[in-house]
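Got two chains here, separate frames each, mind docking them using the hints?
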Amino acid sequence: MQALYAQLLVGLINGSFYALLSLGLAVIFGMLNIINFAHGALYMMGAFCAYFLLHVAGIGYWPALIVAPIVVGIFGMILERTMLQWLSGLDHLYGLLLTFGLALIVQGVFQNFFGSSGLPYAIPDELKGGMNLGFMFLPIYRAWVVVFSLVVCLLTWYLIERTRLGAYLRAATENPTLVRAFGINVPRMITLTYGLGVGLAALAGVLSAPINQVRPLMGADLIIVVFAVVVIGGMGSIMGSIITGFALGVIEGLTKYFYPEASNTVVFVLMVLVLLVKPSGLTGRAT
Amino acid sequence: MKTRIVASLLLGTAMSLGSVSFAIAQDKTVKIGALSDQSGLYADLGGPGSTLAAQMAVEDSGLTAKGWKIDVISGDHQNKPDIGTAIARQWFDVDKVDVVVDVPNSGVALAVNNVIKEKNGVYINSGAATSDLTNAQCTPNTVHWTYDTYMLAHSTGQSLVKAGGDTWFFLTADYAFGAALERDTTAVVTANGGKVVGGVKHPLNTSDFSSFLLQAQSSKAKIIGLANAGGDTTNAIKQAAEFGIVKGGQKLAALLLFLTDVKAIGLETAQGLNFTETFYWDMNDQTRAFSKKFAGRMKNGAPPTMVQAGVYAGLTHYFKALDALGGNPHDGVKVVEKMKSIPTDDPLFGKGEIQPNGRTIHSAYLFEVKKPSESKAPWDFYKLVGTVPGDQAFTPLSESKCAMLKK
Chain E
305 MQALYAQLLV
315 GLINGSFYAL
325 LSLGLAVIFG
335 MLNIINFAHG
345 ALYMMGAFCA
355 YFLLHVAGIG
365 YWPALIVAPI
375 VVGIFGMILE
385 RTMLQWLSGL
395 DHLYGLLLTF
405 GLALIVQGVF
415 QNFFGSSGLP
425 YAIPDELKGG
435 MNLGFMFLPI
445 YRAWVVVFSL
455 VVCLLTWYLI
465 ERTRLGAYLR
475 AATENPTLVR
485 AFGINVPRMI
495 TLTYGLGVGL
505 AALAGVLSAP
515 INQVRPLMGA
525 DLIIVVFAVV
535 VIGGMGSIMG
545 SIITGFALGV
555 IEGLTKYFYP
565 EASNTVVFVL
575 MVLVLLVKPS
585 GLTGRAT
Chain P
125 MKTRIVASLL
135 LGTAMSLGSV
145 SFAIAQDKTV
155 KIGALSDQSG
165 LYADLGGPGS
175 TLAAQMAVED
185 SGLTAKGWKI
195 DVISGDHQNK
205 PDIGTAIARQ
215 WFDVDKVDVV
225 VDVPNSGVAL
235 AVNNVIKEKN
245 GVYINSGAAT
255 SDLTNAQCTP
265 NTVHWTYDTY
275 MLAHSTGQSL
285 VKAGGDTWFF
295 LTADYAFGAA
305 LERDTTAVVT
315 ANGGKVVGGV
325 KHPLNTSDFS
335 SFLLQAQSSK
345 AKIIGLANAG
355 GDTTNAIKQA
365 AEFGIVKGGQ
375 KLAALLLFLT
385 DVKAIGLETA
395 QGLNFTETFY
405 WDMNDQTRAF
415 SKKFAGRMKN
425 GAPPTMVQAG
435 VYAGLTHYFK
445 ALDALGGNPH
455 DGVKVVEKMK
465 SIPTDDPLFG
475 KGEIQPNGRT
485 IHSAYLFEVK
495 KPSESKAPWD
505 FYKLVGTVPG
515 DQAFTPLSES
525 KCAMLKK
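Chains as they are written, first to last, in the numbering used here: chain E, 305 to 591; chain P, 125 to 531.
One chain only, chain P, in its complex shape (with noise of 0.2 Å):
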């Protein structure tokens, strides 16, 4: 009897436990929330596009044919940190949210970061640029995609400073990013023996730059470079074209720039400029396919930026440490630490791998705006001059000041 009834018992265990694994395993629901400055002047190189990217992303990974329920819900940070983290908050605690992707802005980006770690969430940022996030604030839950101020600083800094632009000055937007880029870039410059020799500080989002251009030529530094981006970086190259900048001799460096930059700026005034990306609709037939399903659901038609094209091939490799996992355990370090063991492989960026600090290593390629006689075709901008391989064009992890990295 008494035997009987502990085998009862038991049977009953097991059977209570068989269904509560059987449940993990079958939890097979996902809801993304693509965090952006979806109005800004940031709005175009991420905003809705980074929104559809994520949609195309889901549709794509055939996870929906296998039972799988994705959501995917975007919000507008408006670049201000404190509206970044009421909403990722709101996202894991009412929302049930597993995974932030895009967030440009380093300053919202780095906000958010410490939210999602706390909320043991999901995050692939994609459109901010500060290298911090896989270096000093790094996190178990975080993959930083796209690009960083140290590749940035690395590619286009390093090959300026090689053809002869040994002394600069920066414009620099006054905020994380550009203090990270400044940062990053002025190493490269001095280790290469060169040499920085003032910069201005100007508030996010400046119409007018004649003031600081003018300081910037009195300066007399060969290379003026723009630690800033989206509208600040059109404004100051459009402007230093009137202020006869170039034609002066001195050499602007965009130390970040966008295709969606590019076309607000117009070829005529950007011809010439090089700068790095680590993606482009025209690299090859993958991406051209990719570009043209993309662009054809765009209100304007316009291509993937690089953030977007980082929103889709992020998610995509999310979802494949989903499918190894069997399903969707609701624990970021868990899936990140997944998504980390497999060697990244998509059609927008190729064949890399996500260090353990959380940085995703893939090419990046220098290029350089066409003048307007060799553009072809509405978006065909870039003349491709470089590749730097991925293992140079990130920060190495002996170099890496990410403390999940001294275990």
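Next comes chain E alone, as it looks inside the complex (with noise of 0.2 Å):
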């Protein structure tokens, strides 16, 4: 039973970058009705951001979790004026398939420059050392991850669903037009979402470098669940995504537990049940 807690603590860690991932995906799909396969690469860019801010720039892990997303960010910007724009009103395949190609791209070149191992990154001093729960050892780090993620994620929710600049955004991606009618500038309000979405990635790649290996293909692994996370929660729904997202991840810690080969498929088993019942997912509306 002790053993169960466990899994179900270390299900919602996992679950807290599935849902981190999943919701810039469901923000960037809502209002830009982009399929952005790129994120994967852009968390990857997160991570390798905090990783020479600190090797390079001298910058620790704290500054990084700023300094990292807004850069990355900024970069996710560049791209949607330059690329993504001319593909609005287009069929969401167009965009699938820019970003995959833009996707393969930027990890081919970190690839190139940085092998496929990865490179360290060690957890900061003040998260260091862990606690025990009784029923397992937590590592600080990892209960940080989990705390601060969900505050992000409810930040997020609270900033698009109960704001008025959330307002103009949801009016936006309905009636652009209106929107526009009104005075508001619509281009530029979706370039910003972007940016949130993108921004959302390269924090949870900053979370992950000192877990994971910091290397090239780190989200390229992730992202084929996030999808499956996503398609579960329903396209498009901010909270469905952040719940489907640590539900998932402490479905896949149980799987661990009770029948460790199928892990890395019991996401996708997840999917195809959802799909044949529901095929706009969980919380998703009906179109």
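The hints are simulated quantities; they were obtained by calculation from the structure and are not laboratory data.
In this text the structure is predicted, and so the values were computed from the model without any measurement.
Just to be clear, a hint being listed does not mean it is correct.
[What the hints assert, rightly or not] Chain E is nowhere near these chain P residues, computed Cβ spacing over 10 Å in every case: (1) 167; (2) 191; (3) 197; (4) 217; (5) 219; (6) 317; (7) 390; (8) 426; (9) 515; (10) 521; (11) 522; (12) 527.
[As the list claims (entries may be wrong)] Here are the simulated SDA-like pairs of lysine to any residue, each with C-alpha atoms no more than 20 Å apart in a straight line: (13) P/204 - E/432; (14) P/155 - P/198; (15) E/432 - P/390; (16) P/375 - E/566; (17) P/462 - P/450.
The C-beta atom is built at its ideal place from N, Cα and C for all residues, glycine as well.
Structure representation (structure tokens):
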């Protein structure tokens, strides 16, 4: 029973990465109608950005939590301005192909320079060590990841669903022409939204750098699972993607305990089941 | 008149025969296929570095000066047996490749093994670990150069059990390699009076090990055996440190660890790990000289891993056999027989031999990862703690299950 508690907690930790990444995807899809396959590559860039900040500029983990998402977010906004914006109004497939191609290019370039085994990034001193919870030894850093990403997820949800800015955004997706008539710069808002989604991916990258290796394919391995999470939760649903992210982390954790061989397929099995029963996802609106 | 016709016919036959054997002896073209994981979790330990090692072996062989024409091509098997065999088939059928080298990932290596036997090519495997290549699955076309699971189990495994680590829990990569390594290590552990108390099979290329590590922790085993490689091993070691496993009194056994893995983990976390390799760049003047040349041509300046060194050494020996044959017969069995008849001697692995089952015998070295304070140069990672002579490190012929030995 104790082992079960531990697995639940571990699942929650992985779930926080799924939640952060699927949230960014949901924001981008909901507002821009783009299936952002470059999300994994941007997550990886976040981690590399943290690595460079530390090893080249001597800037540590805490500032990197803010700087890396901004840097990568700006990179994302440039992508949106120069490429993605031309795809608005076209079929989803175009955006998917473009971002997928971009992801391959970015990963290829990083791999060319840094190889595939990755670079080490140490846990910040303040978060080293762990505490004994009786049923498991919980590394402080992991606890921090869960709490921090939960806070970020809820803030993002609040920003989009409960503030005036969020209301503009949602209105702009519903009817861009009408919103523009009210004097709101819709293209700029869309660019900023893409930047926000990308920034969330980069933030997840910084958070994961001390846990996983900082390596070019770290996002490619994760992005497929995250897409399954988004599909299960329902494309474009903010709260849905947060909840599904955490929930699937837990389910995956339990699978690792009961039948480890299936741990990297369980998410996809669930995805198939959900698609069969409720094709719009658990919290998605039928379109 | 009649005798003259017969004589001229005989002469003509003799001339044409002569020209045929002349053509065989003079065929001095060789095509080498370096088949590896070029972009995944094993790309740094083999991958492009192995292709470079093959090219350097060609350059250093001196055969081009003797009129040989040798080409190296490379392929990416993506750790998938079906892709690996498809590439190998195309290489033999279309590209007329003579020898396939490297092939890390035991699953792919075993699948490719069958193709090469069928096509009568030469297979010099350096990257794969499974000892099955020279046991149950041995072929007259295969030379397994660098290391294998039997050797890893008997050096690292045995030394840990003898040092008091008598209860084991395995974290095993869920494919041919992990299974072979766990099997061979379990045999060593139980033979030395130890006990295996449990294990988990994890999917290949797992990024999060926390769940498996917690299970290992609650097993209370003294040794947690990592029957995995590359990115899986580095992630497991890194996260084990995070979960306080080593501080809690359990010891990690990295059954297979490469130079690039140590670099990826960082000395801070990796220090003190014991493991076995058959090559390290900083062993002697010859290995240092080769590694310096090699690193200078690598994009990230990395010295060779033992797998890449094995590609170089294996090919060097292959060229010796070709040179002795005086030409390329394009007959895999014949070339491998020649390779087995010549004792091996190269600057990287030293003196050794290839056994009748295809297993190359050379010394294995027990290393310990240095403390950060002991490391004086960028790739200065290992401390030599012991040497296992070749005849003790690898499967004795009497124990080998290779069918070719029963003739």
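Practice prompt. Go through the numbered hints given earlier and state which of them the structure violates, listing their numbers in rising order.
Written response: Hints 1, 7, 8, 13 and 16 not satisfied by this model.
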